[in-house]
Each structure stands twice: as C-alpha cells, then as structure tokens.
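*Asks:* Please model the entire structure based on the sequences and the hints provided.
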Amino acid sequence: MAKVWNWQLGRSMDYPYEEAHAKRQIGWVFDVNKCIACQTCTMACKMTWTSGRGQEYMWWNNVETKPYGSYPTAWDLAVLEKIGPGVWKDGVYQGKTVFEAADGRTEKAVGVRPGDDDWAHPNLGEDQIAGGPVPRGLHMNQPTHERWFFYLPRICNHCTYPACLAACPRGAIYKRPEDGVVLIDQSRCRGYRECVKACPYGKSMFRANNEVSEKCIACYPKLEQGMQTQCVEQCIGKIRGQGWVSDPRQGVREDHPIDYLVHVRKIALPLYPQFGLSPNVYYIPPIHVPVDYLEQMFGPGAGAAVESYRAAKDDPVLAGLLQLFGSSPAIMERFEVREGVARAYDGADKLLAEVPITEPPQMRPAYDRSRGAYRLDVT
Amino acid sequence: MRAGSIALAGLVLWAGAAPAQQVPRVEAVYHHAGVPGRPEAADWKSTPAASLTLTPQIIVPPNGGGAVTELTLRAMHDGEWLAIRLEWADATADREVGVDTFRDAAAVGFPVSEPEPPPSPFMGDPDHPVSIWQWTADLEAQARGQGGFAARYPHTEGVWYFPQDAAVQREVRAWRGTEPVVEFVATGFGTLTRRAGRNVLAASEHRNGRWAVVLRRRLSTGDPEDPAFKPGETAQLIVAVWDGSRGEVNGRKSVTLNWVPLALGTTVKADAGR
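Keeping their order, the protein sequence lines are chains F and X. The opening position of the first sequence corresponds to residue 1 in my numbering, with each subsequent residue numbered one higher. The opening position of the second sequence corresponds to residue 380 in my numbering, with each subsequent residue numbered one higher.
It should be emphasised that the hints constitute simulated quantities derived from the structure, not laboratory data. Since the model is a prediction, treat every value here as computed from it, not as a measurement. Be a bit skeptical, because a hint or two may be false.
Computed footprint of chain X on chain F; a stretch qualifies when at least three of its residues, placed anywhere within it, have a C-beta under 8 Å from a C-beta of chain X [to be verified]: (1) 98 to 107; (2) 111 to 118; (3) 190 to 202.
All C-beta atoms, glycine included, are put in the ideal place defined by N, C-alpha and C.
*Replies:* Right, dumping it as structure tokens:
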C-alpha cells in the first residue's frame with residue numbers, strides 16, 4: 001500500500017493507490033441544526049435518479065435519526081466495530097482506518113455488505129430520543145435539552161480516498177480529475193459488490209436486475225452547468241451549501257463559503273473521519289448533543305465547532321454566510337459580508353444572492369382599511 | 380509498477396505450482412454423429428473423462444474461492460462443432476442474483492491465438508488475450524423462464540416505472556442475449572471485457588448435488604477474437620468455478636493453475652475406423 005496524506009486524521013495513512021488529487025474537489029456543508037428530516041432532499045434525489053426497476057430500495061440521499069436510526073441498518077456501528085477502538089491525540093488519529101484494518105489480500109478495506117433486510121428500513125429509529133426516559137414534567141423543569149436526537153442527512157461523500165474505488169478489482173470506479181466526483185463506470189461494472197462492502201457509509205448500492213452497482217453521481221449534469229445538486233437546491237430548510245474544498249497544504253480560500261466553514265472557522269466537520277476516506281460532506285454538528293457522541297461521529301473538533309456555532313449570532317461573517325445557504329440554485333464561488341448584508345458570487349463574479357443578516361422588523365396596522373379586515377399577524 | 384509486481388508474483392507462483400499439479404491431458408474425441416448440446420445426453424457416457432484439480436485464487440485481491448476442488452472435464456467434436464462438458468459437486472443450485480446473493484458460475488478460457496509458450500494462465504497477459512466463455516446459473520434460469528428479479532422481489536412486478544427505465548432495460552436485455560453464457564476477452568486479472576460476438580451456446584443441469592454444463596461453439600467462427608480449433612491439434616484451456624451460496628464471485632473462485640491441453644481427435648482416423 002502507498003502512503004497518502006489525510007489532513008482529517010492529521011497524519012499519513014495506507015491507501016492502495018498513490019496519492020493523487022482532482023483539479024478541485026467537490027464538497028458540501030450540511031448544517032445539522034437546521035435539518036427537520038422533511039425528506040425533500042431524499043425525494044428530489046429519488047425522482048431524479050433512482051425511479052427505475054431494481055432501484056426501489058435505493059436512497060442515494062437519505063436522512064436518518066441519530067443515534068438510533070441508520071440506513072442501511074447499523075452501517076456506522078458495523079464499521080466502528082471492524083476498525084476497533086481508536087483515540088485522537090493532539091488532533092492526530094491513533095487508531096486504524098478501514099484500509100489499515102484490512103489484510104490486503106481478501107479485502108482492500110474492511111466493511112460489511114448489507115443484506116436485503118438492512119436496506120429495507122430507511123426510517124428505522126426515526127425520532128427516537130436518547131439520554132433516558134422522559135418523566136412527566138421533564139420538559140418543564142429543564143431549561144436545556146437533557147434528552148436528545150438529531151437528523152443526519154447523508155449522500156455519497158465523494159471521498160478524497162474512496163474505499164469503493166480502492167476495493168473494485170476491475171478499476172471500474174474512478175474519481176473525475178476535473179471535480180473529484182466519484183463514479184462507477186456502468187459499462188465496466190460486473191456487479192461483484194466489492195464496493196458495496198467496502199464503502200463504510202453504505203452509499204454504493206447493487207441493482208440486482210441489471211447486475212451493476214450504482215451510487216450518487218453528484219448530479220454531474222447539473223454540476224457541469226455550475227448548478228448545485230438536486231438535494232441542495234431542493235432543501236427547503238436551506239441547510240445545505242455546495243462548493244469546493246481545498247487541500248489545506250495548498251492553501252485555503254477565505255472568501256469561499258465551503259473553505260471558510262471547513263478550514264478557516266472549522267465549524268463544519270467530516271463524518272467519521274477515523275474511517276480514513278477523507279469524506280467531503282462536512283457537517284455543522286448539532287449544538288444540543290453530548291460532545292463525546294459528537295466527537296465519535298465528527299472527530300475531536302466537535303466541541304469547538306459547537307461553541308463557534310453558538311456564538312454565530314454575534315459573528316456577522318459566519319451569520320451572514322449561513323444565511324446565504326439555499327439562496328441561489330447556482331454554486332457559490334465567492335462570498336462577502338459587509339454592513340449587515342451577505343452576498344454570493346459565481347465564477348464570473350456575477351452576483352448570485354444578496355441577503356441581510358437580520359431583517360428589519362416590519363409593523364403593519366392591526367386594521368386593514370382597504371380590505372376592511374383585522375390582521376392577526378402585524379409583524 | 381503495480382501490474383508488473385502482480386505479474387511477477389503470478390509467474391513465480393505459476394512456476395512453483397506447475398510441478399505440484401498433475402496436468403491431465405484431455406481428449407476431445409471425434410464423434411461423427413454430431414455433438415450433444417445437453418449435459419445429460421447419453422453420448423457423454425462413452426466419452427473419456429479427465430479430472431482437474433482446482434485451487435482457491437490467491438494471486439490478486441480479493442483472494443478467495445476454493446469451494447470446488449475437483450472438476451470432471453469431457454470434450455468432443457464432430458468436425459464442425461466443439462462441445463465441452465464440465466461437471467462438479469455443488470450441493471445447492473444458486474440461480475439467483477439478489478442484492479446480497481450470488482449465483483453459481485463456471486468459465487473456460489482459451490488463448491485467442493496460439494503463442495509458444497502459452498500466455499499467463501491467469502486470464503492472459505497484455506500481449507496475449509484470452510477468450511473466456513462464462514456460464515452463469517442465473518442466466519440459465521432466466522433462459523428457462525424461471526427465477527429472475529421478479530421471483531426474488533415480487534413487489535416489483537407490474538409497477539409503473541419512469542419511461543427512461545425502459546431504455547436501460549433494453550440495453551441489459553441486449554447484452555444478456557438468450558443463451559446462459561456470456562463471452563469475454565481478457566488480458567489478465569481485472570480486465571474481463573464483454574464481447575459483442577455471440578458464438579457460444581450453453582446448457583446445464585443440476586442433479587444429485589452436481590452441476591453439469593455443456594458449452595459448445597463452431598471450431599472456427601471467422602471472428603478474430605475467437606480462437607480457432609483444428610482437428611488433430613492441441614488447444615489450451617483454463618477453468619474457473621464459483622459457488623454462489625458461499626459468496627464466491629469475481630476473484631473469489633476456484634481455478635486451474637495451469638493450462639490444460641485439449642487434444643482434438645482427427646476426423647481422418649475416426650472416418651477410417653468406421
């Protein structure tokens with residue numbers, strides 16, 4: 001195996017191929033605090049890409065409830081068990097990645113291949129709370145949330161070091177050099193399901209009638225036109241942003257929305273960085289969840305990210321940028337916040353969106369003379 | 380670099396394995412009355428059988444296989460067609476490809492041309508392609524109108540799908556064809572590529588815990604990707620078998636470690652004896 005640098009682990013790690021990077025790497029930021037699990041993203045993806053026969057069980061985009069939900073069943077626990085316990089020391093991961101835990105002969109990355117039953121319950125554990133029972137009056141007595149759950153929206157992470165790509169014995173999976181999108185070549189795939197087993201996120205899926213595997217394609221026909229993916233554009237909670245993630249060794253772009261959140265402010269964190277794939281969907285962790293759980297899921301930066309997010313109301317740049325999420329269907333290449341207004345621009349520096357951080361309050365008279373009616377909403 | 384080291388490892392293993400494995404010579408006898416298309420045909424009983432030893436594939440990841448250790452090979456030709464009969468023990472007939480199930484399969488390979496010495500027995504090498512005929516139990520079941528996707532997932536039958544799905548399904552039906560065999564060309568492990576040519580016919584039967592499969596093709600097809608067989612000459616053959624219920628698929632397979640000589644009987648001699 002080759003040694004590759006994984007900035008999310010703070011160290012280099014074993015990977016079956018030599019280190020290579022796309023010209024630029026697609027990336028997303030999902031603000032978990034704003035997700036209400038309405039599944040609009042899920043349905044937008046389903047209607048666009050997986051409405052065919054053999055794709056019934058496929059949800060390239062899904063939203064599950066944590067800690068008890070998972071699709072496919074227990075995808076994360078199964079992999080955590082395989083790689084064994086690992087600790088972080090000064091921001092460096094000391095445990096094993098899925099590649100380092102594999103024997104290299106029978107498999108290139110440890111994993112489990114979900115069965116029919118595991119794919120059959122996308123809503124497993126939905127809205128189930130953690131943290132103990134809810135005695136009568138608990139919600140009245142506690143000013144803060146003692147019981148908790150949160151929604152975790154998930155797509156393919158278009159990883160910098162994909163395990164699906166590493167595991168395919170035919171080289172049928174590739175990472176596009178122009179944008180880092182990970183695709184399965186449908187004409188080369190023979191349906192061996194090595195990628196289904198190797199992807200620790202459970203995002204490679206087998207289409208049994210056609211005997212090929214399929215996965216999220218990052219809506220590349222839209223991407224090539226400078227548009228955001230269906231799941232991002234259709235998100236009614238405006239929790240998602242899409243753009244490019246820099247390799248921190250190459251320098252980060254402070255005026256780019258994704259780089260700013262991931263590298264400058266470090267409030268958007270990778271999902272299970274310890275798997276070692278360097279995933280490129282970054283999550284702003286929920287602020288009401290025990291930090292030890294968040295650290296297991298998002299790495300050692302989770303506590304600091306929660307603190308920064310809590311302070312966002314007094315942080316005009318951060319607050320402004322978060323307002324820009326969902327304000328344009330196009331990919332934002334640059335942003336700025338000045339005098340209480342956040343603006344986003346495309347690659348040609350054309351204005352895409354302009355959003356005030358706080359809307360000035362509007363008062364309307366209680367009685368509308370033109371309609372001869374009283375209003376209930378005066379603000 | 381990677382390909383080179385794999386090829387080298389393969390060569391060492393190949394050279395090391397050759398003396399240990401007794402390579403039997405298989406005779407494709409001349410049978411003037413035509414070759415049988417079915418494995419249960421009586422003609423096979425009088426045909427000489429050779430026993431091949433199969434071993435797990437341990438050269439490229441994913442290593443695995445080994446569920447089938449022995450295979451009985453018979454062959455005959457009628458001057459126009461070559462038929463090969465493979466038989467091996469497998470208690471379960473795995474005819475289904477589900478989300479997490481695998482089908483039984485068997486494949487034979489021949490060098491496309493006849494180089495001396497023959498190419499790597501591990502599906503050829505970059506300069507010497509190998510022609511591969513793979514029979515699979517799921518295609519066999521579908522050819523008989525059994526099994527298939529709807530049998531495993533009945534809730535998908537009769538459901539309305541988006542019209543663009545029809546185009547995808549047409550494409551899949553086109554490569555599957557009507558025979559339970561798919562033809563490939565390969566230049567080493569991991570290079571298996573489906574061919575447009577359709578020249579091989581296949582039939583199979585699972586009885587008493589054993590699979591028997593017959594693969595047949597014209598001795599010469601005129602297709603440059605098809606090896607030509609000539610009576611009186613010796614072809615070279617490799618075999619691989621997969622047991623689906625043990626999760627065997629792709630590199631997880633039982634294989635012959637060396638080329639097996641397949642001598643085609645002369646038509647002249649047989650005619651003289653008649």
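*Asks:* None of the hints should be skipped; say for each whether it holds.
*Replies:* Checked hints:
no., hint, verdict
1, 98 to 107, "holds (count 4)"
2, 111 to 118, "holds (count 4)"
3, 190 to 202, "holds (count 5)"
Going through the hint list in order, the structure satisfies each hint without exception.
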